[in-house]
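On the provided structure of chain A, position chain B as indicated by the hints.
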Amino acid sequence: MAKEIIAMLLAGGQGSRLYTLTQNLAKPAVPFGGKYRIIDFPLSNCVNSGIDTVGILTQYQPLVLNEYIGNGQPWDLDRLHGGVHVLPPYQQASGSDWYKGTANAIYQNISFIQRYDPQYVIILSGDQICKQDYSDFLRYHKEKGAEFSVAVMEVPWEEASRFGIMVADENDRITEFQEKPKEPKSNLASMGIYIFNWDILKQYLEEDEADPNSENDFGKNIIPNLFRDNRRMYAYHFNGYWKDVGTISSLWEANMEVLDPEHSGINLFDDDWKIYSRNSGMTGHKIGKGAVVENSMITDGCRVNGRVKHSILFAGVRVEEGAEVEDAVVMGGTVIKSGAVVKHCIIAENVEIGENAVVGAMPAGEEKGVATVGNNVFIGEGAVIGPNAMVRNNVKGGEQQW
Amino acid sequence: MVNTNADVLGVLFPNSYDSLVPELVNERLMASIPFGGRYRIVDFVLSSMVNCGIDNISLIVRRNYLSLMDHLGSGREWDLARKNGGLNIIPPFAEKTVKIYNGRVEALASILDFLRTQKETYVVLADTNIVANFDFNALIDQHVRTGADVTIAYTEGEIPDSAKAVHGQDVDLYYTIDMDEDQRVNYMYMNPTQDGKVNFSMNYYVVKRELLIDMVNVGSVRGMSLFERDILSPHLDRMKVYGYKYDGYVARISDLKSYFDENMKLLDDRNLDALFSPSPIYTKIRDDNPTRYIAGAVAENVLVADGCVIEGDIENSILFRGVKIGKGAKVRNCVLMQDTVIEEGANVEYVITDKKVTITSGKELKGTDSFPVYIAKHKVV
Chain A
0 MAKEIIAMLL AGGQGSRLYT LTQNLAKPAV PFGGKYRIID FPLSNCVNSG IDTVGILTQY
60 QPLVLNEYIG NGQPWDLDRL HGGVHVLPPY QQASGSDWYK GTANAIYQNI SFIQRYDPQY
120 VIILSGDQIC KQDYSDFLRY HKEKGAEFSV AVMEVPWEEA SRFGIMVADE NDRITEFQEK
180 PKEPKSNLAS MGIYIFNWDI LKQYLEEDEA DPNSENDFGK NIIPNLFRDN RRMYAYHFNG
240 YWKDVGTISS LWEANMEVLD PEHSGINLFD DDWKIYSRNS GMTGHKIGKG AVVENSMITD
300 GCRVNGRVKH SILFAGVRVE EGAEVEDAVV MGGTVIKSGA VVKHCIIAEN VEIGENAVVG
360 AMPAGEEKGV ATVGNNVFIG EGAVIGPNAM VRNNVKGGEQ QW
Chain B
0 MVNTNADVLG VLFPNSYDSL VPELVNERLM ASIPFGGRYR IVDFVLSSMV NCGIDNISLI
60 VRRNYLSLMD HLGSGREWDL ARKNGGLNII PPFAEKTVKI YNGRVEALAS ILDFLRTQKE
120 TYVVLADTNI VANFDFNALI DQHVRTGADV TIAYTEGEIP DSAKAVHGQD VDLYYTIDMD
180 EDQRVNYMYM NPTQDGKVNF SMNYYVVKRE LLIDMVNVGS VRGMSLFERD ILSPHLDRMK
240 VYGYKYDGYV ARISDLKSYF DENMKLLDDR NLDALFSPSP IYTKIRDDNP TRYIAGAVAE
300 NVLVADGCVI EGDIENSILF RGVKIGKGAK VRNCVLMQDT VIEEGANVEY VITDKKVTIT
360 SGKELKGTDS FPVYIAKHKV V
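Residue numbers (numbering that gives the first Met the number 0), protein chains in the order written: chain A, 0 to 401; chain B, 0 to 380.
For reference, chain A alone in the conformation it holds in the complex (with noise of 0.2 Å):
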């Protein structure tokens, strides 16, 4: 049974720049906002925009993101025909090779693609937080009868710099493309996000794998390459929230958006497009006598019997009386004991806080640090722990960490 299209979602990426929240955990496995992970973002977007079919391309520190994709319940993928399938890479007659960059990955798995013989294949990015509806990308690449399209968005001039950058006529067909140009003709930057049709992709990237001196590389390689065979070649703009979350303080960034829904765009109340997760089946969250919350998220499971102000709590995360949360990401199962103060952070799953302790602390003018602790490390009674500082192993109580 032939699909129109299917999804193959890249989510091989280390994440280096999140240091030790991906020590153990792809990056698309990331926890964000309150309960969700990176990857449910287009996986979501998937099943909203009816696509039923996703591989999801892994190779990086895969084992919390299997388990988590599991059978593909959660998100409505568990289907007699398609549905999620997990790709990492694997062993062939002709010997066995990690992904050697984004279009090697989907060059090894042309097999899985062939077997549901569809006419559009897109290509998804998992390390960004964006809702999207995929079918109306879909809508526009068949309007312009194109054979490539790629979903940009406008940046500030002075950014373009950083982007991938396509350049289009007014039909708003891709002239040419520019990787992190000096000097930027345009400011629609591509969010990695494209629509191929499958002949045409197919075609690249046999040639691509054939030719030895390739990074393997969308951008690098298979892009520049239709634009020397001058392939039909399109720019889908897209106005809605795009972060990608690749970096500690844009990754805080995005979950303090969440908690600003009116003003940053990213609402995920949003009945009409949900965002679904692998649930935590905790009971509801209990606000104590004399709590305060104020500004926040909070999951399942929570106890909160201190101050909490601005900040996400992840499901079953414990605040205990006295303590003061304050501009903070907590992710699931941390306990933050009675008197410790946790400001301007990242707290990954797991973590225990002692009395008394503090950990990062409110910008003082020009210094914006997002203190960071790790899964399952230990901070001891009255420890401090500084605003740039990255927490990887236990802190013994009352030392310091900058």
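Possibly wrong hints are sitting among the right ones.
Per the computed footprint, the stretches of chain B lying under chain A, defined by three or more beta-carbons under 8 Å from a beta-carbon of chain A, are [claimed, not checked]:
id, stretch
1, 273 to 283
2, 298 to 305
Each pair of labels, with its calculated beta carbon distance range [what the hints assert, rightly or not]:
id, chain 1, residue 1, chain 2, residue 2, range
3, B, 361, A, 155, 43 to 49 Å
4, A, 270, B, 297, 22 to 28 Å
5, A, 361, B, 244, 52 to 58 Å
6, A, 132, B, 295, 30 to 36 Å
7, B, 269, A, 270, 35 to 41 Å
8, B, 355, A, 361, 37 to 43 Å
9, B, 140, A, 245, 53 to 59 Å
10, A, 72, B, 217, 44 to 50 Å
Honestly, the hints are just simulated from the structure, not real lab data. For each residue, glycine too, the CB sits at the ideal point set by N, CA and C.
Quick look at chain B alone, frame taken from chain A:
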């Protein structure tokens, strides 16, 4: 055993004691009454069974069971979407000549063929008016150890006044038991009204499947309907019926007031922990986002499920999933079920709102500690 870990079959009676809470079962049955912020009462007994390895569970429903079917679906959330066993909802046969069953014996008689073809050695029968994180394995262990024919789980405590007050034709009976020093039951009381501590039956029974089939066969031929009154009680001298005392946290729903009180009790962390640990309680997933407290919100001593948006001032209350509290609204001592909306400036106290109730802006609505006001499903005040 091939298809279960526990060698036990579960049979639930979701309509038992409907008569005690007429308001709440207007459009549902006892089993599907919302409880504790994000659950339905049936979740507790179902999860308890599943956590004890019982994975072949039948629910014999009588009426108003649409909401229960909607809640349970395929049973996946309780891990009961099984090829062998799993969840099995048995509606009454809709034939003119067949009366809807009365009592457990008639209900079981309607599934005799099913019971005969199952493989499990034991059957656990249970009502769904009790909220507890119950260890069925301990009950079954005692049953096997004592060599009892039937074991009845009971709690020690007083009979609630509300139960004593209710009498009539259609009202489900309640039972207390007397036992000898070996826990063997020597007397069963029906609707007793005595004061002081009694051994109050939870209506959880363990019995061998073959024996249950015999009892139901004989009982239904003789026109019996009530398992306790017609089968157990008259034969206590011949049958070995034992009591099993349950000491864990338990909430019984015996009227609207007790429903309110039992919800409120969960605001005490000790009760919350006692009910929800060590084993998890499963329920239907709604994919709500986390609850959002907008600037200006004030919350103290509240149990709140996911999906709520709080802009007002809430205290001493239970909020189910998807409740919205408008700016300046004041909520005190309330149980607000799923998707209740309290609009701007409204002021509610001692109120139970059923699903999807709206209290429009500026309205004031107050019950009292002894008489909470109940607003029916979908109503706009």
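Hints and how they fare:
1. 273 to 283: holds (count 5)
2. 298 to 305: holds (count 8)
3. B:361 with A:155: 43 to 49 Å: 45 Å, holds
4. A:270 with B:297: 22 to 28 Å: 26 Å, holds
5. A:361 with B:244: 52 to 58 Å: The hinted range 52 to 58 Å holds for residue 361 (chain A) and residue 244 (chain B), with Cβ atoms some 56 Å apart.
6. A:132 with B:295: 30 to 36 Å: 33 Å, holds
7. B:269 with A:270: 35 to 41 Å: With a Cβ separation near 36 Å, residue 269 (chain B) and residue 270 (chain A) satisfy 35 to 41 Å, so the hint holds.
8. B:355 with A:361: 37 to 43 Å: 41 Å, holds
9. B:140 with A:245: 53 to 59 Å: 55 Å, holds
10. A:72 with B:217: 44 to 50 Å: Since the Cβ atoms of residue 72 (chain A) and residue 217 (chain B) sit about 45 Å apart, the hinted range of 44 to 50 Å holds.
Hint compliance for this structure: every hint is met.
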